[in-house]
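Let's have the full structure, built from the sequences with the hints guiding it.
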Amino acid sequence: MITYPFTYRRAKSIAEAEAMLKAAPEGKLLSGGQTLIAAMKMRLANPPELIDISGIKELDYIRVANGAVAIGAATTHWEVATSADVAKAIPALAHLASLIGDPAVRHKGTIGGSVANNDPAADYPSAVLALGATVKTNRRSIAADDFFTGMFSTALEENEIVTEISFPIPEKAAYKKFPNPASRYAMVGVFAARTKNGVRVAVTGAAPCVFRVPEMEAALAKNFTPDAVANIKVGADGMNSDIHGSAEYRAHLVTVMAKRAVAEAA
Amino acid sequence: MTVVSMTVNEKPVSLDVEDRTLLVYFLRENMRLTGTHIGCDTSQCGACVVHVNGKAVKSCTMFAVQAEGAKVTTIEGLAKDGKLHPVQEAFRDNHGLQCGFCTPGMIMTAVDMIRRKGVMDRETIRHELEGNICRCTGYVNIVSAIEDASKRIAGAAEKVA
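Line by line, the protein sequences give chains A and B. With the numbering used here, the residue at position 238 of the first sequence is 1027, and numbering never jumps. With the numbering used here, the residue at position 24 of the second sequence is 75, and numbering never jumps.
Simulated from the structure, these hints should not be mistaken for lab results. The beta-carbon is built from N, C-alpha and C at its ideal position, and this holds for glycine as well. It cannot be assumed that every hint is accurate.
[Said to hold, decoys possible] 30 angstroms max Cα-Cα, derived DSS-like pairs, lysine-lysine:
#  : chain 1 : residue 1 : chain 2 : residue 2
1  : B       : 122       : A       : 801
2  : B       : 122       : A       : 846
3  : B       : 122       : A       : 817
4  : B       : 122       : A       : 830
5  : A       : 961       : A       : 1011
6  : B       : 106       : A       : 877
7  : A       : 846       : A       : 801
8  : A       : 985       : A       : 1022
9  : B       : 62        : A       : 846
10 : A       : 877       : A       : 846
11 : A       : 830       : A       : 817
12 : B       : 62        : A       : 830
13 : B       : 122       : B       : 62
14 : B       : 202       : B       : 168
15 : B       : 106       : A       : 830
16 : B       : 202       : B       : 134
17 : A       : 877       : A       : 961
18 : B       : 131       : B       : 202
19 : B       : 106       : A       : 846
20 : B       : 106       : A       : 801
21 : B       : 168       : A       : 846
22 : A       : 925       : B       : 106
23 : B       : 168       : A       : 877
24 : B       : 210       : B       : 131
25 : A       : 846       : A       : 830
[To be verified] A few chain A residues that don't get close to chain B, going by computed Cβ distances all over 12 angstroms:
#  : residue
26 : 803
27 : 805
28 : 812
29 : 815
30 : 874
31 : 921
32 : 940
33 : 944
34 : 983
35 : 1003
36 : 1029
37 : 1030
[Stated by the list, open to error] Listed below are several chain B residues computed to face chain A (Cβ distance under 7 angstroms; list not exhaustive):
#  : residue
38 : 71
39 : 92
40 : 108
Have a look at this one:
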């Protein structure tokens, strides 16, 4: 399959990417391209210009400091999955990255691209939300609770570029994913974390956008055990329903995956 | 159009291509290296796996212009001086193929995983093969071939050491 024609530009710095974006009103940023290129080949996306930010060195890093793991936006899933620093500070995050797609996809796909795209079945949004991470851009810092606004939608504005995701190191955390057996996308993925600021549970794959489950968080704050969430159900209303699973099935899986995540974290 | 320069199988190449040219088409049509296959063309089957700067990637989901300055290795670049790569040898010895369509991608993925993981158990190999589909369902012998190859490569490394 061939995409529509476009003009390709490679940015060497964030400043250069900003200037290129401003000069290309319909342009799109290209990072790992593992979603965007597929969408362009299906001709679901037709950007006349692509601005490649994957080679920007100042976007490719993993730093652990001040109680947080800061990951540059152009860091690949493979780099996060195999980082000794991430494995030590937030093993659940390294594990999550190791479950994305397949090895070849992980070699190209980036954390910034995944978070900015906010695919309903992507893995990273659950970690960003459950760990209360901060999404940093070329202009500002956005709290996870304000970042994901709907299906494929975020708080990002025109010409705004994700530069870093900063994850506060939790006391305990785990990610449990029920993958679609063919695509490996999350049918339902639950990221449960006990942090300095309380317990947070985020669900991906189940609904059009990643979401938290306040009832589970309240129960786990009192008693961080799988039993605490075993009888907490989320409603099927608004859940995704497709050939892979009904809304009721996904709603059921939320409780199952939450139990497993808490069991692993606790 | 953009002039793209890269090294393919240790040979420098510079070609003027449309920006939208996928790496797999660049290899197959511009360079006539048709060992890299197009199966699903949607990043799922892995028939198009090549190495870019030493890492396995799906060449159907990458533009040739993104490989500017990169070192690309395809299935044609594995054999040296008429001698098959140990992974190719192991696929032949273990009958790790049926129709052969997925084989180039399987082998490129196998070389990459052995480089990263060394000798692996069968479960790890299967997990690492998640991005490669064999429509003949010939996985048992593919896994055996990779298991065998990983041991051969580790053995050869020991001898050298």
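Here is how each hint holds up against the structure:
With a CA separation close to 20 angstroms, the supplied pair residue 122 (chain B) and residue 801 (chain A) stays within the 30 angstroms bound. Straight-line distance between C-alpha atoms of residue 122 (chain B) and residue 846 (chain A) comes to about 19 angstroms, which keeps the hinted pair within the 30 angstroms bound. With a C-alpha separation of about 26 angstroms, the suggested pair residue 122 (chain B) and residue 817 (chain A) falls inside the 30 angstroms cut-off, and the hint holds. Among the hinted pairs, residue 122 (chain B) with residue 830 (chain A) is consistent with the structure: their alpha-carbon atoms are about 25 angstroms apart, no more than 30 angstroms.
In summary, the hint linking residue 961 (chain A) to residue 1011 (chain A) is supported, as the alpha carbons are separated by about 15 angstroms, within the 30 angstroms threshold. The hinted pair formed by residue 106 (chain B) and residue 877 (chain A) meets the criterion: a straight-line CA distance of about 24 angstroms does not exceed 30 angstroms. Of the pairs offered as hints, the one joining residue 846 (chain A) and residue 801 (chain A) holds, with about 8 angstroms between alpha carbons and a cut-off of 30 angstroms not exceeded. For the proposed pair residue 985 (chain A) and residue 1022 (chain A), the alpha carbon gap of about 26 angstroms is at most 30 angstroms, so the pair holds.
A C-alpha spacing of about 27 angstroms is found between residue 62 (chain B) and residue 846 (chain A), which places the hinted pair at or below 30 angstroms, so the restraint holds. For the given pair, residue 877 (chain A) sits about 24 angstroms from residue 846 (chain A) by alpha-carbon distance, which is consistent with the 30 angstroms threshold. Straight-line distance between C-alpha atoms of residue 830 (chain A) and residue 817 (chain A) comes to about 15 angstroms, which keeps the hinted pair within the 30 angstroms bound. Restraint check for residue 62 (chain B) and residue 830 (chain A): satisfied, since their Cα atoms lie roughly 29 angstroms apart, inside the 30 angstroms limit.
Proximity of residue 122 (chain B) to residue 62 (chain B) is assessed by CA-CA distance (about 9 angstroms); at most 30 angstroms being required, the pair is judged to hold. Of the supplied pair hints, the one linking residue 202 (chain B) and residue 168 (chain B) holds, its CA atoms being roughly 11 angstroms apart against a limit of 30 angstroms. Under the criterion of a C-alpha separation no larger than 30 angstroms, the hint pairing residue 106 (chain B) with residue 830 (chain A) is consistent with the structure, at around 23 angstroms. Taking the CA atoms of residue 202 (chain B) and residue 134 (chain B), the gap is near 18 angstroms; set against the 30 angstroms cutoff, the hint holds.
At most 30 angstroms may separate the alpha-carbon atoms for a hinted pair to count; residue 877 (chain A) and residue 961 (chain A) meet this at roughly 12 angstroms. As the CA atoms of residue 131 (chain B) and residue 202 (chain B) are separated by approximately 20 angstroms, the hinted pair is consistent with the 30 angstroms bound. For the given pair, residue 106 (chain B) sits about 18 angstroms from residue 846 (chain A) by alpha-carbon distance, which is consistent with the 30 angstroms threshold. Under the criterion of a C-alpha separation no larger than 30 angstroms, the hint pairing residue 106 (chain B) with residue 801 (chain A) is consistent with the structure, at around 22 angstroms.
Annotation: proposed proximity of residue 168 (chain B) to residue 846 (chain A) holds, straight-line Cα distance about 27 angstroms (limit 30 angstroms). A distance of roughly 28 angstroms separates the Cα atoms of residue 925 (chain A) and residue 106 (chain B); the hinted pair therefore holds under the 30 angstroms criterion. For a cut-off of 30 angstroms, the pair hint linking residue 168 (chain B) to residue 877 (chain A) stands: about 20 angstroms separates their Cα positions. For the suggested pair residue 210 (chain B) and residue 131 (chain B), the alpha carbons sit about 19 angstroms apart, so the restraint of at most 30 angstroms is met.
Proposed proximity of residue 846 (chain A) and residue 830 (chain A) is supported: the alpha carbons are some 28 angstroms apart, at most 30 angstroms. With a closest Cβ-Cβ approach of about 19 angstroms to chain B, residue 803 (chain A) is found to remain outside the 12 angstroms limit, as its non-interface label requires. No Cβ of chain B approaches the Cβ of residue 805 (chain A) within 12 angstroms, the least distance being about 16 angstroms, so the stated non-interface status holds. At the 12 angstroms boundary, the C-beta of residue 812 (chain A) stays outside the reach of chain B, the nearest C-beta of that chain being 16 angstroms off.
The claim that residue 815 (chain A) is not at the interface with chain B holds, since no C-beta of that chain comes within 12 angstroms of its own (minimum 15 angstroms). With 12 angstroms as the threshold on Cβ separation, the claim that residue 874 (chain A) sits away from chain B holds: the shortest Cβ distance comes to roughly 18 angstroms. No beta-carbon of chain B is positioned within 12 angstroms of the beta-carbon of residue 921 (chain A); the least distance is around 31 angstroms. The claim that residue 940 (chain A) lies off the interface holds: its Cβ sits roughly 21 angstroms from the closest Cβ of chain B, which is beyond the 12 angstroms cut-off.
Its beta-carbon lying about 28 angstroms from the closest one in chain B, residue 944 (chain A) satisfies the requirement of being farther than 12 angstroms from that chain. In this structure residue 983 (chain A) is separated from chain B by more than 12 angstroms, as the shortest Cβ-Cβ distance comes to about 29 angstroms. For residue 1003 (chain A), the non-interface assignment is confirmed: its Cβ lies about 34 angstroms from the closest Cβ of chain B, beyond the 12 angstroms cut-off. Separation of residue 1029 (chain A) from chain B is adequate, the least Cβ-Cβ distance of about 20 angstroms exceeding the 12 angstroms criterion.
The Cβ of residue 1030 (chain A) lies farther than 12 angstroms from every Cβ of chain B, with a closest approach of about 23 angstroms, so its non-interface assignment holds. With its C-beta approaching chain A no nearer than about 5 angstroms, residue 71 (chain B) sits inside the 7 angstroms limit, and its interface hint holds. For residue 92 (chain B), the shortest C-beta to C-beta distance to chain A is roughly 5 angstroms, which falls under 7 angstroms, so the interface hint holds. Interface restraint check: residue 108 (chain B) against chain A, minimum CB-CB distance 5 angstroms, threshold 7 angstroms, status holds.
In this structure, every one of the numbered hints holds.
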